[in-house]
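K.L.:
Residue-level listing of the chains:
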Amino acid sequence: MTDTATTSRPVLSVENLTTSFKTKDGWNAVIRNISLHVHAGETVAIVGESGSGKSVTALSTMRLLPAGRSRTEGRILLDGKDLLAATEAEMRSVRGGSVGMIFQEPMTSLNPVFTIGNQIAEALVLHRSLSWKEAEAETVRLMERVRIPAAKARLHEYPHKFSGGMRQRVVIAMALACRPKLLIADEPTTALDVTIQAEILHLLRELQREENMGVLFITHDMGVVAEIADRTVVMFRGDMIETGPTGQIFASPEAIYTKSLLASIPRLGTMGAASAPKRFPEVDASTGNAVDGREMSPVAQTASPILKVANLSVRFDLPHGRVHAVEDVSFDLHPGETLSLVGESGCGKSTTGRAIIRLISPTAGTIVIGGQDVTKAGTRELRTMRRMSQIIFQDPFASLNPRITVGSAIAEPILAHGLMGRRDAKTWVAELLEQVGLPAKMADRHPHEFSGGQRQRISIARALALNPKFIIADEAVSALDVTIKAQVSNLLLDLQEKHGLAYLFISHDMAVVERMSHRVAVMFLGEIVEIGPRAAIFDNPQHSYTRRLISAVPVPDPVRRGLRPEPLTEEIKSPVRPFEYVPPKRSYREVSPGHFVQVTTS
Amino acid sequence: MNTMAAVSMPFASGLRRLLGNRAMLCGAIILVIVVLAAILAPWVAPYAPNKLSIVNKLKPPSMINLFGTDEFGRDIFSRAIFAGRISLLVSLGVVAISTVLGVILGVAAGYFRSLDAPISRLLDAMMSFPDILLAIALVAALGPSLTTVILALGITYAPRLGRIVRGSTLVLRELPYIEAAVAMGLPTWRILTRHVLLNLASPILVQSTFVFASAMLAEASLSFLGVGVSTDMPTWGTMLASGREYMNNAPWLMVFPGLAIVFSVLSLQLLGDGLRDLVDPRLAKES
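For the protein sequence lines, the chains are A and B, in the order given.
Number 353 in numbering that gives the first Met the number 0 belongs to position 354 of the first sequence; there are no gaps in the numbering.
Number 146 in numbering that gives the first Met the number 0 belongs to position 147 of the second sequence; there are no gaps in the numbering.
Treat each hint with caution, since some may be false.
Beta-carbon label-pair distances, calculated as ranges [claimed, not checked]:
(1) 131(A) to 223(B): 53 to 63 Å
(2) 123(B) to 140(A): 23 to 33 Å
(3) 232(B) to 358(A): 50 to 60 Å
(4) 20(A) to 124(B): 30 to 40 Å
(5) 90(A) to 123(B): 28 to 38 Å
(6) 279(B) to 86(A): 37 to 47 Å
(7) 276(B) to 498(A): 36 to 46 Å
(8) 103(B) to 419(A): 27 to 37 Å
Calculated from the model, a selection of chain A residues having no Cβ within reach of chain B, i.e. all distances over 10 Å [claimed, not checked]:
(9) 93
(10) 107
(11) 235
(12) 280
(13) 289
(14) 358
(15) 367
(16) 371
(17) 381
(18) 385
(19) 411
(20) 412
(21) 415
(22) 423
(23) 445
I should point out that these hints are in silico values taken from the structure, not numbers from a laboratory.
Glycine residues also receive a C-beta, built at the ideal position from the N, C-alpha and C atoms.
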């Protein structure tokens, strides 16, 4: 089975696949006439934005959609066998047998009450009829194959002891357990940090070469596509827009949609000589041509920062230890400036943002906003402080109360602070909506009537309602599709220029950060390891973690694949320490004016 | 305070949606009939509820006695209509009290971390008693009367709502829109009313309809045990209890008050389900 590379027949061939869902008004086709082929040893990526039908394509292929409410037409041949004609019992042996599957969420795809070894072995016992003893030996081998360190020792551990990246390796091991001919991976790295993502992609490539599997890889991320796919299928609103070798799609896209998609991707290293942030390219939707955005006008130097954070620490006590979420963090933020806090999940960047506006209480340190120390502010001072600072969250769906209209959501802070009467507030809401690019008449609608991008605009309008001096944008554009991401980021830049806003831009997305920032602070395990002007951090990173973070970002250019250094395989350390732990005092070295790097003591 | 009005939806669209939901409309119609019959009992009922007629005892349903007569020859149809007054009053009173208590305790426990432990332990303690036992103890302490029965049952059922409300509040408290409201400097009472309570409407409505049904049956149990509402006024519960002895040869003694309970509970649940959808803007249909 490993020597089928030369056979001409594809492992999976999907022809004219059309899937419809039952709605009140009859059958509604969500994907139309999808045709694709996956050969042994080949990776085919399906790429598209949310709602493009890429996941439905994968689920239809495996017949995983509910039978009564969906209808699949066309032909799906797995190794020449028609899956649409197969019985449910036959499908069960296909799934997890000749086809392995990996899904997005590594935290929920493992059962927390069984050990890792048990869960992998189960598939072996079921599909390959091994005894439990044989299965255990095979499990260790599989865990070693997916490069889990100390596999034998970790066999009897439960999923909660594994980090996200390690869990995804376990899921991959489970998918590989029955030596599948085809691996379907639905956004397998989307929930992971970039450095972990790089490791998992690297692993998948190696495994594919060793096993000679076909891989159907579903993603929204063009960078990942460039990194891994041999051929690419671009989907848009249920239709296959373009398909071809990945290199060709990136070099000379034919469809207008593909062109605009490629033009919208945030890329590292596109800043040229700019020193201020630069708008994202404007893409003409009718031609797909892009014009690079202009550089924002420089910020007038002011003497006093709007926000001054000194020696901020946030710690939480757990039953078995203390989380040093934020440790000795200091920085200034000047009016009109964007300081980005970057780092991977658990590095304390969001906690820092929340502590600054006192959504959580800092353990130590001082926070000075507009010249006033708010570290110990009481209820009254906090309310005044909250007129100066606002926050925008990541999840556009959870950031708005579903029960109240967007107009009254935006008006709420103004009325609560007694700044305007109801009539004036209404005019102000209309003005705010127009500022964020939405028609004023939409004020009467409820949040569920808006798309993700529009909701994020509404959150921005709400944040602007009080005329704040600075805004904390906590992964504010991370959950949005690429084209929308560029638009909302541009909106943030325009608003900054217009109102002289300062942003604390919290993000894990280095490509967006490069465009948006004046200065960047890199956080690792609760500490700032490097801080400085954007150009200095990206062009001359000093700290090893900063370098690793930048090099792990997928480059949306298939030509440069393989030129990048191999990622390290090591688990990120945990910020949970024993109660008696006293964090060491860190010192910083000034590399160039304003560019500081933490001096490593080890 | 004045912005609260902005939340309410236009009356006309609410009415259109009410008419669009057939199950809810059914529930509303049944409930209106039951309530009207109870209010207008002296005019609707053909006989006085306590008029004895020993010669006519245990008569099966007929044109003269629509639902038959009981062991004292009293007209069951008339009694059932009068009984609705007390039964509905008790149930609605219990729902009102337990909802208000449960929501206050639940929101306080769910939203304020420091209050969570004491309130939750109190609710646990109350729930560890069998419902009826707790109600009997409370009635015994307060002295039996209509008011004390309502009060006792209201207190007894408050933890049921309290637990659900606390759980939902815990989830809501962590949502970004609540955090955003805090970050905007909204006063706490406003966050609680506009952002927490409004989003608790569904679980509260659903749980309240359950309490309504339980209260109706619990009131019957209390009457049966002799600690309920005074016995000279019939309730559906007492009618059920006293009809039990004749279940084999005169089943109509139990069937009709039983049906009355079934229909009022059913109508309220249909109405509750419909209301839950109605107050949720996400389920509003765009024409």
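K.L.:
Is the nearest Cβ of chain B still more than 10 Å from the Cβ of residue 381(A)?
P.N.:
Since the minimum Cβ distance to chain B is about 7 Å, residue 381(A) lies within 10 Å and the statement is violated.
K.L.:
Since residue 445(A) was said not to touch the interface, does its Cβ keep a gap of more than 10 Å from each Cβ of chain B?
P.N.:
At roughly 4 Å from the nearest Cβ of chain B, residue 445(A) sits no farther out than 10 Å, so the non-interface label is violated.
K.L.:
According to the definition I'm using, a residue is off the interface if its beta carbon is farther than 10 Å from all beta carbons of the partner; does residue 385(A) meet that for chain B?
P.N.:
About 3 Å separates residue 385(A) from the closest Cβ of chain B, which leaves it inside 10 Å; violated.
K.L.:
Taking the closest pair, is the beta carbon of residue 107(A) still more than 10 Å from chain B?
P.N.:
Holds, because the least Cβ-Cβ distance between residue 107(A) and chain B comes to about 17 Å, which exceeds 10 Å.
K.L.:
Take the C-beta atom of residue 123(B) and the C-beta atom of residue 140(A), compute their distance, and say whether it sits inside 23 to 33 Å.
P.N.:
Since residue 123(B) and residue 140(A) have Cβ atoms about 50 Å apart, the given range 23 to 33 Å is violated.
K.L.:
For the pair residue 131(A) and residue 223(B), does the Cβ-Cβ distance stay inside 53 to 63 Å?
P.N.:
Between residue 131(A) and residue 223(B), where Cβ atoms are some 58 Å apart, the hint holds.
K.L.:
Taking the minimum C-beta separation from residue 415(A) to chain B, is that value above 10 Å?
P.N.:
violated (5 Å)
K.L.:
So residue 412(A) supposedly isn't at the interface. Is its beta-carbon more than 10 Å from every beta-carbon in chain B?
P.N.:
violated (4 Å)
K.L.:
Against chain B, does residue 411(A) keep a CB gap of more than 10 Å to every residue?
P.N.:
violated (7 Å)
K.L.:
CB of residue 103(B) to CB of residue 419(A), is that within 27 to 37 Å?
P.N.:
holds (32 Å)
K.L.:
Is the gap between the beta carbons of residue 279(B) and residue 86(A) within 37 to 47 Å?
P.N.:
holds (41 Å)
K.L.:
Confirm or reject the statement that residue 367(A) sits farther than 10 Å, beta carbon to beta carbon, from all of chain B.
P.N.:
holds (18 Å)
Violated hints, listed in ascending order, are 2, 4, 5, 14, 17, 18, 19, 20, 21 and 23; each of the other numbered hints is respected by the structure.
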